[in-house]
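Now for the letters of each chain:
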Amino acid sequence: MEDFLGIAELGTKTLQDLLDTAESMAEVLTRRVKKVPTLRGRSVANVFFEPSTRTRNAFELAAKYLSADVVNFTGGGSSLEKGETVWDTVRTLEALGVDAVVVRHRTSGVPEAMARQLDIPVINAGDGEHEHPTQALLDLLTVRQRFGHIAGLTVAIVGDVLHSRVARSDLYGFSALGARVILAGPPSLVPEDLAEPPVRVTWSLEEALAEADVIQVLRIQRERQQEGYIPSLQEYRARWGITRERLAQAKPHALILHPGPQNRGVEIDSDVVDGSQSAILRQVQNGVAVRMAVLYRLLGGEPE
Amino acid sequence: MADGNKKAAAERSWRITGALILDPFTGREGQGTVWVEAGRVVERPSGAFPEETVEASGLWLIPRLTDIHVHFRSPGQEWKEDLRSGSMAAAAGGFTVVATMPNTDPVVDIPALVAWQRLEAERLGLVRVWPIGAISVGLQGKALADLWAMQEAGAVGFSDDGRPVADSRLMRAALSYSRSLTGPIIQHAEDPGLFAGASMHEGSVSHRMGIPGAPAEAESVMVWRDVQLAALTGGRLHIAHLSAPGSLEALAWAKRRGLQVTAEATPHHLLLTDEAVAEWGYDAVTKVNPPLRPAAMREALVEAVREGLVEVIASDHAPHHADEKGRPYTEAPFGISGLETSLGAVLTALVHGGLLSPLEAMRRMTAFPHRLLGQAYPGLVPGAPADLTLVDPFHEWTVDPGRFYSKGKNTPLAGARLRGRAVATMVDGCWVMREGEVIDPCADN
Ligand SMILES: [Zn+2]
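These protein sequence lines map, in sequence, to chains A and B.
88 is the number that the working numbering gives to position 88 of the first sequence; each next residue is one higher, with no gaps.
1041 is the number that the working numbering gives to position 41 of the second sequence; each next residue is one higher, with no gaps.
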């Protein structure tokens, strides 16, 4: 594996291996001293052309726990505003001797195009509406920890699937590891042709909830209302919001995931976020472990 | 200087022998010899000039190869293309005539700019450049430009290409007014709301790649509106770069009713599908408007060209600078550099594919474009301007944009194997391209 660009192109074996590595990283994170010397002397650039505190922090901590040096580069206030292209920016970082770049960009395909231009590994930290592969890894890890397996589970992905890179990566990841995936939400955001069988598309949340072992709740952007995809956020909540009452219709063991940040009271209610079926905080913890696994795999340090 | 050379060259006489003459203007098809003297086709040379023979066995000889949809970017965007580089690309591609779109900076919406493009192209002495004027002032879609005045200055048609005429009232006015003009109203059909934010065709490939897409209906809803307005007004409507099945239905509806509606298809829509976007992996060379469509839609378009429902093939040559096309997919501009691959793509897809006879294929790039623009050319008959192209229909070659004369190297056909290409282009009795080399400006050959 030279780059980490998307779940779609990973084989099942690689995916399993990454989850296994992430599992041992998660164990390291329970120790009082979390730092291991694995990547000492290596350096990682976090290049975020789109702001994301959560993902960037997770990558930064992951690199630091592995003893790598980190340089953070954000789109605003940088040379990008002086006419430099995104490609110039990363080529400069490569020339400065960075060993890997972590890239977040609002346009699909930017990490892939960068990988073609760079000799060092490129890690996709979310590109446009395409993929967010480390998010899928942490979702997979969270589910595997809870159920002990992924194969045979039914995973409902609820909300704005059309515009969601998280949904795409989850769809590929859970499908590859043998789960059944149901996409649920309004027809404008979950069009029928969005995925092919055996993935199912339904516009009925009740139908999806009745079968789901895992419910991934996607964030709904307020712009979708202005863009004409949905009526008011109140109507969205009434039909597709995950409330305590709705959750009562799901299987009692159904696990709630959300990639964050949540619009409490819109796609998910506070008592669900903070409720007993929620794995949302566990997701955040696992976010560091999976990114350690990816960095470890790409930068190839010797196991401690 | 150029003029002097051109005159000297044009005074020479040529005998082109052995070629298969394909003349869609007269319907002539067969082996024969063409004599050229002082810029015109002649019955027999007068003998007053030294005659030179061009042996053209195994080649096709085609008069007036025409591309009615090109962007030469001048005035104002010469880093993308200019009249000289565009004309050289046309000559290299085998074209003797091109019609240039007015979405330059400033927009070609006044007679002076039409006249300037004409004069500048004549000074270059390469190919004939027929300007298309804007429909609306500044392409703003609000007020009609002075269409007749531009026609008087040499405009052959009118278009806001790059943008649709979205306002139905203005489109009605343009079509209505076109009844008093010789050229058509050329529509870039695209519903602004349905296309908003899109970078490719909406379907399984866009869903997979996470690139915002627009449905084919973004085009066809406007074509349906426009054919209804053509019926209302009796005006002359030409649909540029038609690509959607619904547009084909609207066109068939218009033709059944005997309306003056025509359409063109591009070589890239005839040859490629939206899978090319995935194959090129987010490289914006595949980004074009209208977007590349799925296979079933491509096949419907090929069939429409075959049966003549869509009667013209035009490249929509849209060169851009590499830095612009190198931007992230959704941020890069739309457009494919097409003049130097158009003929090869058409021959590969349609003629060698067994769908169209050579004469019928060439009709869509010669006589039909002339007819729809209201431009006369008699064919290869004595007295006609000697505008002709020699084509090697079986020459196999690999597209290498690095060798383009166009400044725009942006094409998803890069690396493709094509069969057939122009080997010589003559305009006004002088060679402007031979053996793939553009002769500039027609000096001493
Ligand atoms: Zn156009």
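Hints are computed from structural coordinates only; laboratory data are not their basis.
Treat each hint with caution, since some may be false.
[Stated by the list, open to error] DEER-style ranges, computed between Cβ atoms:
1. A:251 <-> B:1353: 26 to 36 Å
2. A:223 <-> B:1026: 38 to 48 Å
3. A:85 <-> B:1143: 35 to 45 Å
4. B:1280 <-> A:223: 55 to 65 Å
5. B:1280 <-> A:91: 37 to 47 Å
6. A:248 <-> B:1228: 47 to 57 Å
7. B:1280 <-> A:211: 11 to 21 Å
[To be verified] The following residues of chain A were derived to be distant from chain B, with all beta-carbon distances above 12 Å:
8. 60
9. 71
10. 72
11. 111
12. 127
13. 162
14. 169
15. 176
16. 193
17. 228
18. 237
19. 245
20. 300
Just so we're clear, the structure is a prediction, and the values are computed from it rather than from any experiment.
Just so you know, even glycine gets a beta-carbon here, dropped at the ideal spot from N, CA and C.
Please check whether the beta-carbon of residue 245 of chain A is more than 12 Å away from every beta-carbon in chain B. It holds; residue 245 of chain A is separated from chain B by about 32 Å at its closest Cβ, greater than 12 Å.
Confirm or reject: residue 71 of chain A is not an interface residue toward chain B, with every Cβ-Cβ distance exceeding 12 Å. 22 Å, holds
Taking C-beta pairs only, is residue 111 of chain A more than 12 Å away from all of chain B? It is violated; residue 111 of chain A is separated from chain B by about 9 Å at its closest Cβ, not greater than 12 Å.
Check on residue 60 of chain A being off the interface with chain B, judged by Cβ distance over 12 Å: 24 Å, holds
Least C-beta distance from residue 237 of chain A to chain B larger than 12 Å: Check passes; 25 Å lies beyond 12 Å.
Verify the CB-CB distance for residue 1280 of chain B and residue 91 of chain A against the hinted window 37 to 47 Å. Between residue 1280 of chain B and residue 91 of chain A, where Cβ atoms are some 21 Å apart, the hint is violated.
If I take the minimum Cβ distance from residue 228 of chain A to any residue of chain B, is it greater than 12 Å? 9 Å, violated
Has the hinted range 38 to 48 Å been met by the Cβ atoms of residue 223 of chain A and residue 1026 of chain B? This hint is violated: roughly 60 Å between Cβ atoms.
Please settle this one: residue 127 of chain A was flagged as non-interface, so is its CB more than 12 Å from every CB on chain B? Answer for residue 127 of chain A: violated, closest chain B Cβ roughly 7 Å.
Whether the CB-CB distance between residue 248 of chain A and residue 1228 of chain B falls inside 47 to 57 Å: 54 Å, holds
Residue 300 of chain A non-interfacial with respect to chain B [C-beta, more than 12 Å]: Nearest chain B Cβ is 25 Å from residue 300 of chain A, so the label holds.
Would the non-interface assignment of residue 176 of chain A survive a Cβ cutoff of 12 Å against chain B? 15 Å, holds
In summary, the structure is inconsistent with hints 1, 2, 4, 5, 7, 11, 12, 13, 14, 16 and 17 from the numbered list given earlier, while agreeing with the others.
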